[in-house]
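Undergrad: Residue numbers (our numbering), protein chains in the order written: chain A, 1 to 305; chain B, 1001 to 1066.
Check each hint, because a few of them may be wrong.
In silico lysine-lysine, DSSO-like type, Cα no more than 30 Å apart, as pairs [to be verified]:
{"#": "1", "chain 1": "B", "residue 1": "Lys1002", "chain 2": "A", "residue 2": "Lys23"}
{"#": "2", "chain 1": "A", "residue 1": "Lys2", "chain 2": "A", "residue 2": "Lys23"}
{"#": "3", "chain 1": "A", "residue 1": "Lys102", "chain 2": "B", "residue 2": "Lys1002"}
{"#": "4", "chain 1": "B", "residue 1": "Lys1002", "chain 2": "A", "residue 2": "Lys140"}
{"#": "5", "chain 1": "B", "residue 1": "Lys1021", "chain 2": "A", "residue 2": "Lys2"}
Some chain A residues judged to face chain B by a derived CB distance under 10 Å, without partners named [stated by the list, open to error]:
{"#": "6", "residue": "Val5"}
{"#": "7", "residue": "Pro9"}
{"#": "8", "residue": "Ala19"}
{"#": "9", "residue": "Val20"}
{"#": "10", "residue": "Pro46"}
{"#": "11", "residue": "Leu50"}
{"#": "12", "residue": "Asp163"}
{"#": "13", "residue": "Ala206"}
{"#": "14", "residue": "Asp224"}
{"#": "15", "residue": "Asn232"}
{"#": "16", "residue": "Lys238"}
Quick caveat, the hints were computed from the structure, so don't treat them as lab data.
Values in this document were obtained by computation on a predicted structure and should not be read as measured data.
C-beta: ideal position from N, C-alpha, C; glycine also.
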Amino acid sequence: MKCKVCKAPAAIEIRRHHAVFCKEHFFSHIVRQVERTIHDYDMMQPGERLLLGVSGGKDSLALWDILTDLGYDVDGVYIELGIGGEAGYSSNSLQLAEQYAKNRDLDLRVVDLAEEYGYTIPEAASETRRVACSVCGLSKRYVLNRAALDGGYDVLVMGHNLDDEAAVLMANTLTWNVEYMGRQRPVLPATRQGLVRKVKPLLRIAERETAAYCVLKAIEYEVDECPMVGGNTGIRIKEWLNVLEAQRPGTKQRFLFGFLDRASEQFATAHQEQVQLQECGRCGQPTTGEECAFCRLAERMTRRG
Amino acid sequence: MKVILRNPRRELDIDGDASVKDILGRLDIIPETVLVIRDGELLMKTDLVMDDDTIELRPVISGGLG
């Protein structure tokens, strides 16, 4: 198979684009797709300070690389979740993130959940008897926004890819969770004080492509799956979507972008009409109750002694 | 050939030469869900893997949806 641009030996096939690329033209394709996404959704403006949520995985490291290549000056923030103990999953992921930042002279700040908030994800999952991904998602959303606010950043950049977003949309559609569907946008604007604008520039890039980008650029990333994620709904939905994608390339992209282009606005409007936000009594973040879900979790973890 | 699988990490031996497409078919793996890596380079579905090669089938699906 030959690159569709230069006819050199192919490095990767992207079936939904009916395209085969050599290494160099794959890189330029990916960079162009991200550039187009940033531009189409008006994600960030010149001079804005950008903070990227870095996990040490393929998506965030590929995105850091792509944004740097595009000329953006982006700092990273890593959240130490305390998963897997010493020399385990979290510490290995941190090491990979630090190694990437150090090699390229980029700024990575680390927020240790245990040091700053008094708990790890395994402890919170065990104490609350909730699924680990649920307490992890809640903690990461809060801590990333807080890190961006405290650091004076204008934009929080996230590494969610096409597969992540299609799977979230499928999960929310299967349960008609219209509130969550109303929030699923490429850009979540800072609608209230205390919120930093959140953007997802990898929306058009499949996770196989971010992984391929890292392998071909020799970027070492965390390949092992989080040990707490086993059998969760998100991964099962991704597997189902991949079965459909194999039969009809482009299914995931059509599903997600059909929603974003033709339906999401209606859900967003319905969502805004339904939700009355107020400030959390503890931290001041917007919430629907008197205290936000994160403060309730942190308080419970403190009280357990 | 030696085939390295991840999550959890394990190894398989497959006798003889085979194309990437055949190997994935035999193992019932959807091509969209893995990268096939030999010596740091990606293999295409039509590429031939020789009996004395080592390849890694690296899954690309990750993460909870939080």
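Undergrad: Against this structure, judge whether each hint is valid.
TA: So, going through the hints one by one against the coordinates:
As the CA atoms of Lys1002 (chain B) and Lys23 (chain A) are separated by approximately 25 Å, the hinted pair is consistent with the 30 Å bound. Of the pairs offered as hints, the one joining Lys2 (chain A) and Lys23 (chain A) holds, with about 11 Å between alpha carbons and a cut-off of 30 Å not exceeded. For the given pair, Lys102 (chain A) sits about 34 Å from Lys1002 (chain B) by alpha-carbon distance, which is inconsistent with the 30 Å threshold. Distance restraint check for Lys1002 (chain B) and Lys140 (chain A): the Cα-Cα separation of roughly 39 Å exceeds the 30 Å cut-off, and the hinted pair is therefore not satisfied.
For the proposed pair Lys1021 (chain B) and Lys2 (chain A), the alpha carbon gap of about 17 Å is at most 30 Å, so the pair holds. At its closest, the beta carbon of Val5 (chain A) sits 16 Å from a beta carbon of chain B; the interface hint therefore is violated under the 10 Å criterion. For Pro9 (chain A), the shortest C-beta to C-beta distance to chain B is roughly 9 Å, which falls under 10 Å, so the interface hint holds. Look at Ala19 (chain A): its Cβ only gets to about 13 Å from chain B, farther than 10 Å, so that hint breaks.
The beta carbon of Val20 (chain A) comes within 8 Å of a beta carbon in chain B, closer than 10 Å, and the hint placing it at the interface holds. Because the closest C-beta pair between Pro46 (chain A) and chain B is about 31 Å apart, greater than 10 Å, the hint is violated. Interface hint status for Leu50 (chain A): violated, as the beta-carbon distance to the closest one in chain B is roughly 21 Å, over 10 Å. Here the hint on Asp163 (chain A) is kept, as its CB sits about 7 Å from the closest CB of chain B, short of 10 Å.
Satisfaction of the interface hint for Ala206 (chain A) is found here, the shortest Cβ-Cβ separation to chain B being roughly 8 Å, below the 10 Å cut-off. For Asp224 (chain A), the suggested interface contact is upheld, since its CB lies about 6 Å from the closest CB of chain B, less than 10 Å. Look at Asn232 (chain A): its Cβ gets to within about 5 Å of chain B, closer than 10 Å, so that hint holds up. For Lys238 (chain A), the interface hint holds, since its Cβ comes within 10 Å of a Cβ in chain B; the closest pair sits about 5 Å apart.
Hints 3, 4, 6, 8, 10, 11, counting from the list given before, are not met by this structure.
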